[in-house]
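One-letter residues, chain by chain:
2 protein chains.
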Amino acid sequence: MKGTVALSTSQPNILIYDPNQARAYADLLRRHGYHFVFSASTRAEAKNLLPNAEVLLCWKFPVELFSECDVTALQWVQSMGAGVNDLVEYVPKHATLTRVVDQFGGQIAEYVFAYLLYLAQDIDRFRQRQTQKAWEPQAPGYLAHRTLGVAGLGSIGQEVVRKARSFDMNVYGLSFTGTRADRVDRHYFPDMWSEFVRNLDYLVLTLPLTKETQAVINRNILQSMKPESVIVNVGRGPLIVEADLVELMRAGHIRAAVLDVFEKEPLSTDSPLWSMPNVYVTPHIAAPSVPSSVGIFLLDNLHRYVARQGLLGVVNLELGY
Amino acid sequence: MKGTVALSTSQPNILIYDPNQARAYADLLRRHGYHFVFSASTRAEAKNLLPNAEVLLCWKFPVELFSECDVTALQWVQSMGAGVNDLVEYVPKHATLTRVVDQFGGQIAEYVFAYLLYLAQDIDRFRQRQTQKAWEPQAPGYLAHRTLGVAGLGSIGQEVVRKARSFDMNVYGLSFTGTRADRVDRHYFPDMWSEFVRNLDYLVLTLPLTKETQAVINRNILQSMKPESVIVNVGRGPLIVEADLVELMRAGHIRAAVLDVFEKEPLSTDSPLWSMPNVYVTPHIAAPSVPSSVGIFLLDNLHRYVARQGLLGVVNLELGY
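Heads up: the sequence lines are chains A and B, in that order.
Numbering-wise, my numbering puts 624 at position 257 of the first sequence, and it's gapless, one number per residue.
Numbering-wise, my numbering puts 465 at position 98 of the second sequence, and it's gapless, one number per residue.
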């Protein structure tokens, strides 16, 4: 019956949930011809509107509503981010869960290379010297011919690989499926983490958070890394055991850590990460889920839904991404 | 007769002049089998040794020695840098002048993109917020789909173009010959400076210093640029009229200037550039002329000289590069 409903109308009921930007997304959809668009920015609003929704587009959704409400009408849940670890166990089994793919790669890779180059060029030092009006030429470092490891070769990891090529880096990759092993100079599977990290100058984490990836960067793996290597996490915080990272970095291991994601967000003011000299903390901004960047993807996927074409970014609930 | 000498021996007298690194270069050459290698790091040493030199490899050479000494034996002068504006008028006409080519592109392009990404990602702001333990997500800016103009499409400019492509930028170029116009989305000749800069978000100068390029970035051209555009100079300082740049930036025109080269170097402590908030001063380090990077080129060109093959980087004395 629900199939019939979706077929008989090209205008599904769409609920948009986003604590900050629900209206902006709703306006975008309306401008593109969708009439039955409802926005919610609070739990109470969402609880009211969810039972009538056939499509849910959401960001930081209060997932307990999936069991509290009657969600039999719900056909499709679209996460407005690339990661769905907060949704994957709660979305009703009869609905399709999708995530944003192929949208964040360029943005995240710009973040990654901004910080890799910032560190290599030692911009901080030259900024300091400028305040002293000190003309002290000293050669910076370079990315060329250094070795970059990318853990996760999805759409984000691939974009990191692509830019690394233009900087003439050696590029190693680790992935669970190995389907894109041909894009990197050496490919490793998850049973080879130690071998993977051993020769890296830079390790970039773009992995999703799953049971298999949680805490993969622990004391053991960190100790396998070169003391002067740099780690960048743009995946999910719990990939790294923060206590292990802090302990090893305090002992002088690992040259720098660039962290956009954390075990708990916002990062607690108690966290030692804030004030460690070689730790670069950013507040989960490497890939902002904003209408301008995510909107194109949502509109594309909505069009596919209405036209009954295959959706993009369908999550495999077993794998969790 | 001199030709006969060069033919009869594969071991020319080589003088290396460099105020700081002459010995390091000399050691490098000796390790590669050259026996008649002489190093000078002062004017007096150079004056003693120059009359016997068939080959001069030099950096910041006291050019008056070309007229003070008998240089009839001198066949070849190799600049250890990419720019030869300090040499081109002084090297004796019977000698060949060469410059380093194809060595600095990667390094200079890393410098350029380090600063472009540093500004786009607003790393300074996030570093500030980290000191305050402030979790304040705010989307950074991006290079993708912005327009980069490269003035000068030699080996350095081409490398900037290549990396800009990997960041999905629109790339415009200005060059005197137009031989590489096909590498950019739009190409301009020097009679179209105003049109070239008008729509740029980023202007990168990789031009040599010649009579034609001196002071090309003057009040008129700066005023043609978008107020929020960024200018990066990795060519030579006198391409820009510094007084005009200072005046216009003080009036809020031009978002940032990243300057590695200056009208006079070292930059005087009197210069207002040091303390302007949107000016980034580095002490001519974008392409360090150090043995590790330049040595490979010198050895290659020396081998060509001895083998009587065509030298790389021969300077056209009319064009000045």
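Misleading hints may appear alongside valid ones.
No copy labels: a pair is met if it fits in one copy or bridges any two.
Said to hold, decoys possible - Taking lysine-lysine pairs in the BS3-like style, the calculated list, with each CA pair at most 27 Å apart, reads:
id, residue 1, residue 2
1, Lys593, Lys414
2, Lys631, Lys500
3, Lys427, Lys500
4, Lys500, Lys414
5, Lys500, Lys460
Keep in mind that the hints were calculated from the coordinates and are not lab data.
Right, here's what the structure says about each hint:
no.	hint	verdict
1	Lys593 x Lys414	neither (50 Å within a copy, 49 Å between copies)
2	Lys631 x Lys500	between (41 Å within a copy, 14 Å between copies)
3	Lys427 x Lys500	between (48 Å within a copy, 23 Å between copies)
4	Lys500 x Lys414	neither (60 Å within a copy, 34 Å between copies)
5	Lys500 x Lys460	neither (64 Å within a copy, 40 Å between copies)
Against the hints set out earlier in the document, violations occur for numbers 1, 4, 5.
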